[in-house]
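Asker: Here is how the chains run, residue by residue.
There are 4 protein chains.
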Amino acid sequence: MAGSGFGRIFRITTWGESHGPALGVVIDGCPAGLTLCEEDIQVFLDRRKPGASPLSTPRSEADKVKILSGVFEGVTTGAPISLMVENTSQRSSDYGEMKDTYRPGHADYCYDAKYGIRDYRGGGRSSGRETIGRVAAGAIASKILSELGISVEAYTSSIGPVKIREGIYSREQVLSCPTAMPDAEADREATEYVKKMAAEKNSVGGTMECVIRHMPAGVGDPVFDKLDALLASAVMSIGAVKAVEIGDGTAVSTLTGRENNDPFTTENGKVTKTTNHSGGILGGISDGTDILVRASVKPTPSIFSPQETVNKNGDSVTLTIAGRHDPVIIPRAVVVMEAMCAITVLDALLVNQSARLQYLKDFYN
Amino acid sequence: MAGSGFGRIFRITTWGESHGPALGVVIDGCPAGLTLCEEDIQVFLDRRKPGASPLSTPRSEADKVKILSGVFEGVTTGAPISLMVENTSQRSSDYGEMKDTYRPGHADYCYDAKYGIRDYRGGGRSSGRETIGRVAAGAIASKILSELGISVEAYTSSIGPVKIREGIYSREQVLSCPTAMPDAEADREATEYVKKMAAEKNSVGGTMECVIRHMPAGVGDPVFDKLDALLASAVMSIGAVKAVEIGDGTAVSTLTGRENNDPFTTENGKVTKTTNHSGGILGGISDGTDILVRASVKPTPSIFSPQETVNKNGDSVTLTIAGRHDPVIIPRAVVVMEAMCAITVLDALLVNQSARLQYLKDFYN
Amino acid sequence: MAGSGFGRIFRITTWGESHGPALGVVIDGCPAGLTLCEEDIQVFLDRRKPGASPLSTPRSEADKVKILSGVFEGVTTGAPISLMVENTSQRSSDYGEMKDTYRPGHADYCYDAKYGIRDYRGGGRSSGRETIGRVAAGAIASKILSELGISVEAYTSSIGPVKIREGIYSREQVLSCPTAMPDAEADREATEYVKKMAAEKNSVGGTMECVIRHMPAGVGDPVFDKLDALLASAVMSIGAVKAVEIGDGTAVSTLTGRENNDPFTTENGKVTKTTNHSGGILGGISDGTDILVRASVKPTPSIFSPQETVNKNGDSVTLTIAGRHDPVIIPRAVVVMEAMCAITVLDALLVNQSARLQYLKDFYN
Amino acid sequence: MAGSGFGRIFRITTWGESHGPALGVVIDGCPAGLTLCEEDIQVFLDRRKPGASPLSTPRSEADKVKILSGVFEGVTTGAPISLMVENTSQRSSDYGEMKDTYRPGHADYCYDAKYGIRDYRGGGRSSGRETIGRVAAGAIASKILSELGISVEAYTSSIGPVKIREGIYSREQVLSCPTAMPDAEADREATEYVKKMAAEKNSVGGTMECVIRHMPAGVGDPVFDKLDALLASAVMSIGAVKAVEIGDGTAVSTLTGRENNDPFTTENGKVTKTTNHSGGILGGISDGTDILVRASVKPTPSIFSPQETVNKNGDSVTLTIAGRHDPVIIPRAVVVMEAMCAITVLDALLVNQSARLQYLKDFYN
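Going down the list, the sequences are from chains A, B, C and D.
Start counting the first sequence at 1; every next residue gets the next number (the working numbering).
Start counting the second sequence at 1; every next residue gets the next number (the working numbering).
Start counting the third sequence at 1; every next residue gets the next number (the working numbering).
Start counting the fourth sequence at 1; every next residue gets the next number (the working numbering).
Calculated directly from the structure, the hints in this document are not laboratory data.
Some hints here could point you the wrong way.
[As the list claims (entries may be wrong)] With a Cα cut of at most 25 Å, we get these calculated BS3-like pairs of lysine-lysine: (1) D:Lys195 / D:Lys163; (2) A:Lys66 / A:Lys143; (3) B:Lys64 / C:Lys270; (4) A:Lys66 / D:Lys163; (5) B:Lys312 / A:Lys270.
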């Protein structure tokens with residue numbers, strides 16, 4: 001219960017530190033019968049891999065995943081799936097002088113306050129590399145969802161002041177450009193902005209969004225396990241995320257009921273809505289329209305300009321961070337958000353099979 | 001696992017429908033030795049009670065709480081605490097004609113899609129009355145926190161376009177005015193705004209904030225049970241909340257690292273920060289400064305002007321809602337937010353006692 | 001997490017003390033669509049009600065159950081079901097002088113050691129009345145199972161030296177006789193034995209068994225959530241149970257592999273076994289044959305002869321227990337065992353719907 | 001939730017198949033500050049390693065454990081501890097012809113019924129090798145317990161008809177002899193018995209016991225998380241265990257209250273008992289005396305004599321098992337029982353820190 005587990009039926013447990021021998025995840029509760037190979041997972045991991053773009057850290061990790069259990073002759077068996085990625089490019093020497101200094105914007109001080117001991121190399125457990133396990137598990141969740149016809153796609157929606165234009169969307173663009181924006185023009189502009197700030201030894205924040213399409217209505221649970229509550233938790237748990245919005249999000253606070261209510265209608269005999277301010281969820285349960293989640297991500301706390309802080313003894317020190325750090329977190333966080341949303345939605349779909357007695361009867365009779 | 005439970009050690013399970021005989025909550029895991037009486041809980045429930053202000057529904061429920069278990073001679077025993085509030089002012093007749101019609105902005109359609117059956121009277125389980133159990137449990141959590149010197153205070157920060165002024169804060173004002181705003185001037189302005197919109201058979205949204213003061217550093221768990229992730233889930237699970245922010249929230253997306261990083265310093269020999277953009281949490285763990293959570297709440301979906309929608313058969317219908325509904329949700333939701341934050345923080349404090357071997361040794365030796 | 005919750009999807013939380021105002025249970029995760037009324041539950045509660053036989057305590061409680069939520073127009077809605085039974089026959093005066101004395105065989109000392117406070121009236125939370133919530137929830141689980149064609153039947157298999165004869169089984173006998181034995185002759189003999197021991201101010205133990213018939217093969221989960229592991233936990237959690245056996249149970253320790261292995265065969269095209277030493281479970285998963293669970297129950301610790309013990313201050317005292325206590329626990333524990341087995345099996349059936357990708361595809365496509 | 005997780009605060013998740021690349025465990029919630037190296041774990045694994053005695057399978061695995069995370073400079077950090085053991089001696093060819101045949105006494109048929117697919121090599125996930133993760137995690141739990149002064153020791157108490165003599169106990173004997181019996185004479189006799197049965201291509205069952213000494217009073221939770229209920233689940237979840245007893249176990253069924261009640265007394269100012277029929281637990285909570293757990297283990301189902309069974313198509317076949325199998329399970333299961341008991345007790349100790357408000361106050365003030 002130290003917090004490294006997520007999910008109810010599709011349950012993942014991640015492990016590993018930035019500069020330990022390896023990182024990984026165990027997925028317990030993956031349904032049997034899914035065709036799965038390492039390449040299915042690798043394509044997701046490659047999206048968060050460092051060194052892939054001019055905006056990302058030059059630390060160059062192969063991040064090759066190994067399937068250690070739960071798959072037999074290329075098919076999942078229902079047994080826990082253990083996935084591992086070995087660390088190969090640790091440069092712990094970068095961190096030696098920082099072991100007693102609390103980096104602003106980082107969790108160093110909090111880990112010391114909590115545990116009294118801290119693996120200071122590369123942030124240890126609080127490193128962005130912790131997300132490798134999430135992304136690997138998310139690749140599997142996404143594959144299952146795609147077999148059900150459900151797509152989960154995340155992308156960068158803004159970096160600093162640069163926003164993507166409404167209505168411009170290309171998945172290929174997201175998967176291939178440095179910013180993970182779906183809009184080539186915004187990508188170019190944002191790239192320039194990031195490079196400029198990086199040159200000033202500064203860093204920038206941004207927003208990312210995830211759209212879940214073809215979701216069946218009726219998924220999610222009332223009260224505390226509302227689908228939006230679980231998505232909020234899933235996305236807020238990604239390091240550097242400081243806000244999560246569903247549908248119109250913060251904008252609802254200045255809307256009126258007449259503006260914000262989405263009228264129901266029918267389309268091809270199916271209930272749907274003429275607008276989607278609610279972001280596909282009402283009362284915590286999917287309404288069958290697209291689910292939209294938005295996250296605000298803070299600027300990379302590791303900046304290369306000198307900063308005032310204290311060390312373990314409480315002495316004031318001026319810190320100049322070395323090491324390898326992205327000037328913007330968003331582009332590589334997009335696949336993490338996609339993974340967390342996929343895991344959350346799949347888990348809700350699995351739980352939902354128990355909602356009605358008739359489902360049980362159909363299943364067992 | 002149908003979603004009515006929350007918390008790991010301080011675990012609550014709520015139950016009850018708007019128009020059933022009663023609503024309540026069972027709290028399992030409340031530490032033994034707390035002095036507790038019904039009045040401790042009643043003061044919290046009275047803050048969410050309908051009929052208390054010109055902005056709230058005229059449904060007038062006494063909402064008197066009974067302690068059914070877990071307290072002996074005025075002290076908690078460690079056994080589950082069962083709390084119950086009887087419903088006394090149901091007017092189901094208001095809802096009869098709506099049983100087959102899906103109200104826009106409500107969960108009616110989603111419940112039907114999920115369960116195939118729905119208690120349509122007053123929204124059933126998806127009613128705002130569901131929060132009675134949360135508030136009752138939150139009263140207990142708050143009392144424990146206050147014994148630890150930790151305060152949890154929520155308030156309305158905006159209604160429609162009316163925002164509270166920075167630096168104006170009076171807890172008495174929050175607890176006594178119709179809007180639950182800490183700023184008397186904003187309260188008057190917002191009250192006028194709400195009345196005007198209500199007269200137009202419309203409704204309005206707003207924002208609310210919760211501040212947790214005197215929080216020890218080191219509380220919260222890494223990765224998925226980050227304190228901010230759990231707070232996000234707790235607050236997003238409140239009906240009508242569409243966004244949750246921690247600290248600077250959405251504003252971080254346009255900040256730079258130099259602006260957003262909070263420098264560490266020491267004060268009276270204790271590590272603290274000179275600014276608090278992070279909202280008291282770094283890496284999911286409390287840093288010892290004030291925790292700030294913000295929620296955006298949508299306008300009440302039940303408006304009295306006619307709306308286009310469909311019924312169970314998919315026929316288009318024009319719906320005019322009857323019944324008793326607040327034109328703004330926020331003022332009565334504030335105490336719900338406070339309750340959810342208190343429960344979340346207390347639970348994290350309880351879990352945290354297991355973080356170090358030395359704690360175990362101190363405890364058992 | 002103080003231990004009053006059980007189950008993963010069909011999740012129950014019980015509450016209440018022997019001499020508090022009421023006891024009850026909240027069931028979260030009951031599938032929607034089950035026809036349910038109070039009488040369905042009452043027939044189970046009446047089986048554990050005191051005062052119903054010459055072997056049971058003269059405390060005469062009506063133990064009438066009320067459904068407070070989760071049922072609408074006679075059908076479950078998927079919302080949590082809250083059930084309550086009011087205490088009406090408390091005689092706390094019986095316990096006043098024992099509040100500082102630790103009764104042998106009871107949990108008094110342990111509760112004091114754990115919580116530092118104890119509701120001493122009638123055992124408080126550790127009273128046999130705690131099982132009211134279990135039995136009420138078990139009635140619902142049993143009703144669902146019966147709709148799936150699965151029966152769960154418990155009975156007394158021995159009291160002191162008196163054992164039921166093999167092959168004699170009448171459910172009517174179990175439900176109507178004082179001992180809950182399926183064998184009328186053994187019932188008479190055991191009744192005499194209990195009366196004799198009661199006359200000597202002594203008490204007796206026994207064994208009870210539960211058979212689950214028409215269980216589908218493939219239910220239960222590997223490793224830690226094995227069906228037999230969960231049944232063991234469910235049954236051992238009943239006060240006074242000191243051993244749980246599956247199938248041949250303790251007898252396997254002196255069998256050889258050739259004797260103990262059950263040969264597989266086919267019957268009407270279905271795989272089955274020619275013997276059932278395993279008690280219907282292999283590797284923690286049901287094999288489609290009858291599941292057999294056996295429990296050993298200690299003699300009632302409350303005996304009326306004087307006993308040596310200590311009080312809170314550690315002084316030696318001689319205790320003579322007053323109050324109303326059965327000379328044998330088994331007959332009224334049988335329905336508790338039946339309830340716990342039903343809940344456990346239903347929960348495993350619900351979880352099992354997620355075992356294969358194909359099930360998900362069939363469900364959502 | 002597919003069942004490979006155990007524990008509430010000290011939470012383990014095991015993974016791996018008999019003939020996959022590796023097996024392992026992730027421990028989330030291990031307190032920070034424990035000195036830990038691979039050798040601490042290896043000594044436990046060596047006790048269950050095959051090939052170490054004349055009674056065990058000649059499959060010779062090195063079973064060398066690697067710590068992949070959660071330990072920094074030889075000390076646990078509070079981060080999840082990932083442990084891995086690589087499989088090196090797989091001989092899948094032994095199993096090829098059995099892939100469609102259901103071995104009596106094994107879980108083959110049940111896995112097929114549940115998942116529709118099965119890793120048939122060496123039993124896959126249902127292999128005894130699954131316990132490697134349990135033993136590795138148990139080594140850590142045991143080390144923590146020993147720092148608290150609590151010992152957990154398991155041993156073989158009978159094999160077939162051969163029982164250990166009362167009062168003869170040597171831990172060294174347990175750790176060094178082929179049967180893991182604490183009694184050298186019984187060890188010799190049992191060894192002869194096993195060899196004889198093995199020569200007859202048969203196998204034998206037995207019993208094992210675990211004693212937990214120096215346990216503080218007041219640990220364990222009421223109702224469903226009773227310490228005995230959790231121990232029952234923990235031990236019954238070990239493959240081949242068919243019965244779990246606490247204290248006098250099945251014997252209580254023929255005892256009277258006067259015989260079975262343990263009188264309380266005081267010793268050095270501490271409450272204790274003059275006898276221990278209850279096995280150290282009353283009402284699910286430790287009473288400060290030794291905890292005794294007993295398990296009955298069935299004979300190895302893999303015997304080398306021909307057996308009648310069916311294949312996947314339901315055809316009757318005669319099966320003669322090849323491969324490497326112990327003629328008795330107990331001696332290598334003893335360390336697994338010890339591990340499971342250690343994990344269960346440690347977890348209960350961790351949970352117990354939250355029992356009283358005063359504990360929280362002492363901790364945070």
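Asker: Given the hinted pair B:Lys64 and C:Lys270, is their Cα-Cα distance within 25 Å?
Answerer: Given that 25 Å is the threshold and the Cα spacing comes to 58 Å, the pair is violated.
Asker: Need the status of pair D:Lys195, D:Lys163: alpha-carbon distance at most 25 Å?
Answerer: Answer holds: D:Lys195 to D:Lys163 is near 16 Å, not above 25 Å.
Asker: Verify the proposed pairing of B:Lys312 with A:Lys270, using a straight-line Cα cut of 25 Å.
Answerer: Between B:Lys312 and A:Lys270 the Cα gap is close to 11 Å, so the pair holds against 25 Å.
Asker: Starting from A:Lys66, check that the Cα of D:Lys163 is at most 25 Å away, please.
Answerer: 47 Å, violated
Asker: CA of A:Lys66 to CA of A:Lys143, is that 25 Å or under?
Answerer: Holds: A:Lys66 and A:Lys143 sit about 17 Å apart, inside 25 Å.
In terms of the numbered hints stated before, the structure departs from hints 3, 4, listed from lowest to highest.
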